[in-house]
Amino acid sequence: MKEAGGVRCRRKPIVGRWLAGLLSLLAPLALAGGSSSDLTSLTFVTEEYPPYNYQDPQTGQLEGRAITLLESILEQAGTPFKREDILYYPWIRGYELAQSEPNTALFSTTRTPAREAHFKWVGPIARDRVVLLTWDNQVARLASLEEAIDKRLSITVIREDIGAQALQEADYPAELLRPAIDNRSALHMLRRGRVDLWAYSDEVARWIATQEGVEASRLTAVHTLSESDLYFAFNPATAQGLINRLQKALENVRAGQKDREAGHHAN
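If you number the sequence shown the way this note's numbering does, the last residue is 267 and the count never jumps.
Hints in this document: simulated from the structure, not taken from any laboratory. Be aware that a few hints might be false.
To be verified - Simulated pairs of lysine to any residue, SDA-like, Cα-Cα distance not exceeding 20 Å:
hint, residue 1, residue 2
1, K82, R65
2, K248, K151
3, K248, Y89
4, K151, T220
5, K258, S41
6, K151, K82
What the hints assert, rightly or not - Label pairs and their computed distance ranges (CB to CB):
hint, residue 1, residue 2, range
7, A237, S217, 20 to 26 Å
8, Y88, R218, 24 to 30 Å
9, P113, T79, 42 to 48 Å
10, R127, E215, 22 to 28 Å
11, E84, T210, 24 to 30 Å
12, P51, P173, 40 to 46 Å
13, T79, T112, 25 to 31 Å
14, A255, G193, 46 to 52 Å
15, S217, K151, 20 to 26 Å
16, A140, A170, 29 to 35 Å
17, T210, R159, 42 to 48 Å
18, P80, Q240, 21 to 27 Å
Even glycine gets a Cβ: it sits at the ideal position worked out from N, Cα and C.
Could you build all of it, start to finish, from the sequences and the hints given here?
Below, the structure written as structure tokens:
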């Protein structure tokens, strides 16, 4: 048998062809198994969610508790890592990227039953309280979301954020929800009276207010939507070996922190 260029080509022996076929079937499995140790294949995406993750306005460098924790986790796992490699995007873009791209992780992400099957999880990072905030006590404390609906209170939200999802799951009227581009825009909408309330993390909202040069004390939480843990949320196609290795590294980091704290108190 000849190829187009006139070069003679022999047929492979039956055994050789059988082995080649077997190897082609086993190759994807071998790659999947090997990928469990290749943490450098991961892409990390974050957003402005201080004090967990944010960009320092003076240096442009990413800072925050979650950034530092991620560095410690990857150091524990023996993987070279620079915080400059983290992608810094608006929340909605990062959320969509983590859902569509394998080996991509978004943080800091609230873990909820509605999100459970859409990601693989490493954590927890921290505990976060999401609330409805008013400006200058313009709205009194609410006994329930039903009371807010009865009063036709408008609420600014960030699309796909935990506050927006909590309100949607509670069937809060869509016409009363006002999407904001980001958390700073949401704060300005609240301050200017364009909405009655802001659905967001209590701690993060106060941090943003301080950074914007306004008194955080002028924000008041009138109702708690959720109190949940923050995690690193990975695309579900990410190899389970990678997830397991990172979770183990996180647990080792936490254990080391507890040992250091115990030693400090003992001294």
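Results for each hint:
1. The hinted pair formed by K82 and R65 meets the criterion: a straight-line CA distance of about 15 Å does not exceed 20 Å.
2. In summary, the hint linking K248 to K151 is not supported, as the alpha carbons are separated by about 48 Å, beyond the 20 Å threshold.
3. Taking the CA atoms of K248 and Y89, the gap is near 28 Å; set against the 20 Å cutoff, the hint is violated.
4. For the hint pairing K151 with T220, the CA-to-CA distance comes to about 18 Å; that is within 20 Å, so the pair holds.
5. Pair hint K258 plus S41 does not hold up; C-alpha atoms about 30 Å apart against a cutoff of 20 Å.
6. For the hint pairing K151 with K82, the CA-to-CA distance comes to about 49 Å; that exceeds 20 Å, so the pair is violated.
7. As the Cβ distance of A237 to S217 is approximately 45 Å, the hint placing it in 20 to 26 Å is violated.
8. Between Y88 and R218 the beta carbons are some 28 Å apart, a value that agrees with the proposed interval 24 to 30 Å.
9. In this structure the supplied range 42 to 48 Å is violated for P113 paired with T79, their Cβ-Cβ distance being about 31 Å.
10. For the pair R127 and E215, the supplied restraint of 22 to 28 Å holds, since their beta-carbon distance comes to about 25 Å.
11. The hinted window of 24 to 30 Å between E84 and T210 holds, with their beta carbons roughly 26 Å apart.
12. A C-beta distance of roughly 33 Å is found between P51 and P173, which places it outside the suggested range of 40 to 46 Å.
13. Restraint check, T79 to T112: a C-beta distance of roughly 29 Å satisfies the suggested window 25 to 31 Å.
14. For A255 paired with G193, a C-beta distance near 49 Å keeps the hint of 46 to 52 Å intact.
15. About 24 Å separates the C-beta atoms of S217 and K151, a value consistent with the hinted range of 20 to 26 Å.
16. Distance hint check for A140 and A170: the Cβ-Cβ separation is about 20 Å, which falls outside the suggested range of 29 to 35 Å.
17. Checking the proposed 42 to 48 Å range against T210 and R159 shows it is violated: the Cβ atoms sit about 25 Å from each other.
18. Evaluation of the 21 to 27 Å hint for P80 and Q240 yields a pass: the beta carbon distance comes to about 23 Å.
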